[in-house]
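> Since chain A is already given, all that's left is putting chain B on it; use the hints.
Next come the chains, spelled out residue by residue.
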Amino acid sequence: LDHGSALHTAAKDCLSSVSSQDVPAERPRAIFHTSESDPAKHTEQHEGRLYDIPLEEVKAVFPHGLPYRFQQQIQTFNEARVMVRRPALELFAYLRSSNFSHPAVRYVIYGERGTGKTMTLCHVVHYCSRQGWLVLHIPDAHLWVKNCKELLQSSYNRDRLDQPLQASVWLKNFKTSNERFLQEIKTQKKYMWGKRESTEEGRPLGEVVEQGLARARSASDAVGAVLREVRLQSHRGSFRLLVAVDGVNALWGRTTLRKEDKSPVSPEELTLVHNLRKVVRNDWSGGAIVTTLSQTGSLFKPSSAYTPQELLGKEGFDALDPFVPIPVPNYSPREFESCYGYYLERKWLQHEKAHTEDGKAELQFLSGSNPRQLDRLAGPL
Amino acid sequence: LRLIYTTTAVQRKNVGASGPEKYTEAFIKKQIEEFNLGKRHLANMMGEDPETFTQEDIDRAIAYLFPSGLFDKQARPMMKHPTEIFPEQRKIQWGEDGRPFHFLFYTGKQSYYSLMHETYEKLLNVQKYQDQVTAQGLPLQKEKRNLAGSRWLTKIELEEMLLEKLSDDDYSRFIQLLQKLVALPCADTEEKYIQKFSKEVPVQLQKVVIEPLQYDERGVAFSTGEGKRKTARATAVVYDNGSGKITVNGIDILHYFPVLQDREQLLFPFQFLDRIGKHDMVCTVSGGGRSAQAGAIRLASAKALRSFVTEKEVELMRQAGLLTVDPRVKERKKPGQEGPRRKFTWKKR
Numbered sequence: 023l024d025h026g027s028a029l030h031t032a033a034k035d036c037l038s039s040v041s042s043q044d045v046p047a048e049r050p051r052a053i054f055h056t057s058e059s060d061p062a063k064h065t066e067q068h069e070g071r072l073y074d075i076p077l078e079e080v081k082a083v084f085p086h087g088l089p090y091r092f093q094q095q096i097q098t099f100n101e102a103r104v105m106v107r108r109p110a111l112e113l114f115a116y117l118r119s120s121n122f123s124h125p126a127v128r129y130v131i132y133g134e135r136g137t138g139k140t141m142t143l144c145h146v147v148h149y150c151s152r153q154g155w156l157v158l159h160i161p162d163a164h165l166w167v168k169n170c171k172e173l174l175q176s177s178y179n180r181d182r183l184d185q186p187l188q189a190s191v192w193l194k195n196f197k198t199s200n201e202r203f204l205q206e207i208k209t210q211k212k213y214m215w216g217k218r219e220s221t222e223e224g225r226p227l228g229e230v231v232e233q234g235l236a237r238a239r240s241a242s243d244a245v246g247a248v249l250r251e252v253r254l255q256s257h258r259g260s261f262r263l264l265v266a267v268d269g270v271n272a273l274w275g276r277t278t279l280r281k282e283d284k285s286p287v288s289p290e291e292l293t294l295v296h297n298l299r300k301v302v303r304n305d306w307s308g309g310a311i312v313t314t315l316s317q318t319g320s321l322f323k324p325s326s327a328y329t330p331q332e333l334l335g336k337e338g339f340d341a342l343d344p345f346v347p348i349p350v351p352n353y354s355p356r357e358f359e360s361c362y363g364y365y366l367e368r369k370w371l372q373h374e375k376a377h378t379e380d381g382k383a384e385l386q387f388l389s390g391s392n393p394r395q396l397d398r399l400a401g402p403l
Numbered sequence: 021l022r023l024i025y026t027t028t029a030v031q032r033k034n035v036g037a038s039g040p041e042k043y044t045e046a047f048i049k050k051q052i053e054e055f056n057l058g059k060r061h062l063a064n065m066m067g068e069d070p071e072t073f074t075q076e077d078i079d080r081a082i083a084y085l086f087p088s089g090l091f092d093k094q095a096r097p098m099m100k101h102p103t104e105i106f107p108e109q110r111k112i113q114w115g116e117d118g119r120p121f122h123f124l125f126y127t128g129k130q131s132y133y134s135l136m137h138e139t140y141e142k143l144l145n146v147q148k149y150q151d152q153v154t155a156q157g158l159p160l161q162k163e164k165r166n167l168a169g170s171r172w173l174t175k176i177e178l179e180e181m182l183l184e185k186l187s188d189d190d191y192s193r194f195i196q197l198l199q200k201l202v203a204l205p206c207a208d209t210e211e212k213y214i215q216k217f218s219k220e221v222p223v224q225l226q227k228v229v230i231e232p233l234q235y236d237e238r239g240v241a242f243s244t245g246e247g248k249r250k251t252a253r254a255t256a257v258v259y260d261n262g263s264g265k266i267t268v269n270g271i272d273i274l275h276y277f278p279v280l281q282d283r284e285q286l287l288f289p290f291q292f293l294d295r296i297g298k299h300d301m302v303c304t305v306s307g308g309g310r311s312a313q314a315g316a317i318r319l320a321s322a323k324a325l326r327s328f329v330t331e332k333e334v335e336l337m338r339q340a341g342l343l344t345v346d347p348r349v350k351e352r353k354k355p356g357q358e359g360p361r362r363k364f365t366w367k368k369r
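Residue numbers (the numbering used here), protein chains in the order written: chain A, 23 to 403; chain B, 21 to 369.
Excised from the complex, chain A in its bound form (with noise of 0.2 Å):
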């Protein structure tokens, strides 16, 4: 995932700031970090520093969501660190201030290529997640919608089409991440998949995953249930929801799936797409919708594209309306410091060239201070 990488980046970047930020001379190189691992308490003052996530954690918070390059670097680090950048930090402020028995409100990321979007969603869940909020992530949702291997007829419903694989992969994930609410929440309706299995009211949903779990065929509505029912029950208060979803504009765009006689499927006839698209709307409180665009993983729209109007296209655009735009730059020069200099500490950059202020302003120069260039750029060196 493309954004991931930049998001990654932008995450480290987050992650490297010290709390001793008030002592540059002391230790130079402590200044990128803090140790301030939670992102509730975050505030302007660690903005462009990076903070730590223990490895536990990642593990169980973002099961899926991170970008494959930051996956990569966690490994090669053996740490994870995010970079506290302003956008996060506006979201953190918004959230906080929201009023959970108004309907739920939107936000959406934008930015160019490579920016730091999906990093700064990352942080926003994980601060959900230590906040005790039920998180419903949906690492990209272009996945949904292109590089199908199997679509199966829904019983449900006979236009739609289904998508075991993916639904089942998102299952899994959703349980892991999930694992205490799903005791807690009650069913509210009885399920019935195919004609002998069903699901009574008042079972805990762990039972609506499991059976998605294990029966292939009918993951997709496993998928929906859970939707819906999240949904409904958000508004009780008993818990948060926080939806956030990656690459929402493949939602209402295009896809590259077609049906055995070899006609194009539209998004709607997708099960899964469908469902969230329900959730997208804000007929619901007691929570909040984040969502990202992405145009990496977008399909028929042109690489320049960046802003909602041109992703999301009218009719995605008229879905989500109204929301909070919330833009992502490219790196200030103080965060662009702060990732140059993690990047030094780990001994990341082994060109002797690298740890010059030239090697610095020539990094700067040809990455334009985004992250991603700056994230490939640094590979080699």
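What the hints contain is simulated information worked out from the structure, not anything from laboratory work. Remember, predicted model here, so these are calculated numbers, not experimental data. Every residue, glycine too, gets a C-beta built ideally from N, C-alpha and C.
Computed Cβ-Cβ distance ranges for the label pairs, DEER-style:
1) A:K369 - B:L233: 41 to 47 Å
2) B:G239 - A:E112: 33 to 39 Å
3) B:P87 - A:L403: 54 to 60 Å
4) B:E335 - A:L403: 29 to 35 Å
5) A:E112 - B:E335: 48 to 54 Å
6) B:Y235 - A:N121: 51 to 57 Å
Chain B residues, not near chain A, derived (Cβ > 10 Å throughout):
7) A46
8) N56
9) E220
10) V334
Below, chain B alone, put in the same frame as chain A:
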């Protein structure tokens, strides 16, 4: 009757033996008259005044009436005065009675030997004058002629002047004689004669003028430069007190040049001068491909940076090759070959 068998070879005229075509004086005169008439006709055709119709006007008119795509300028249609077209030829050197006019005719190289004779005569005159001056007791004036800015006539030029062939040996002897003449003090008396055989050498080093900095409304210093590479042409405006932002055709370089290699090319002039984050640049570029455009902008920015930098650094840049236009262009495809160098597949049979 017996047919005498003759081959066509014998009957054919031997063209080579007669030498180059000789133009008679009457012929040349007729050509000149025709040229003048033609000039007036041409002026009439072009609607201009026949009296004030110069050679340049003629050239322009001919180029307009007979457009030609030939590469060689000499092969295109031209209308020039006959003296320029027909090479000068020696008139007949002897009279009706067969007696030659010049006294050195029977040496074979009459103009060369007469020239040597004249030059030696001048030399003797100068020596005599010198003796007179020393006899009078006056100091000899020694004014050094500026030999640096002048050169002697080349052998070909001398041949053209004398209208006869010279050998290298003859030429070197003549030059030695001239140098001997010039070396004498008091050679200034024969200055006019010597000037006939010397030419001004144009100043070889064309000093490249570095333009001074200009200042725009905000008071920021800037300078422009142009560059080209293959088919791409670029102009760059480099501003001082900048942050290192570069815009190409209104687009940021990260978007215009997604490839790292092109961005490195743009970086090179600034990196060489250690001014990476100090200048802003706005450039326009057109033509060529991705790499050619990058090279063109690099040259343009290097030229613009000359105004900001000391002479020594300009010299360093020149030696680094930042200021030279890259002469490599696409080579022409030749007939009989598949490409400029690649030949067709060779089949044994």
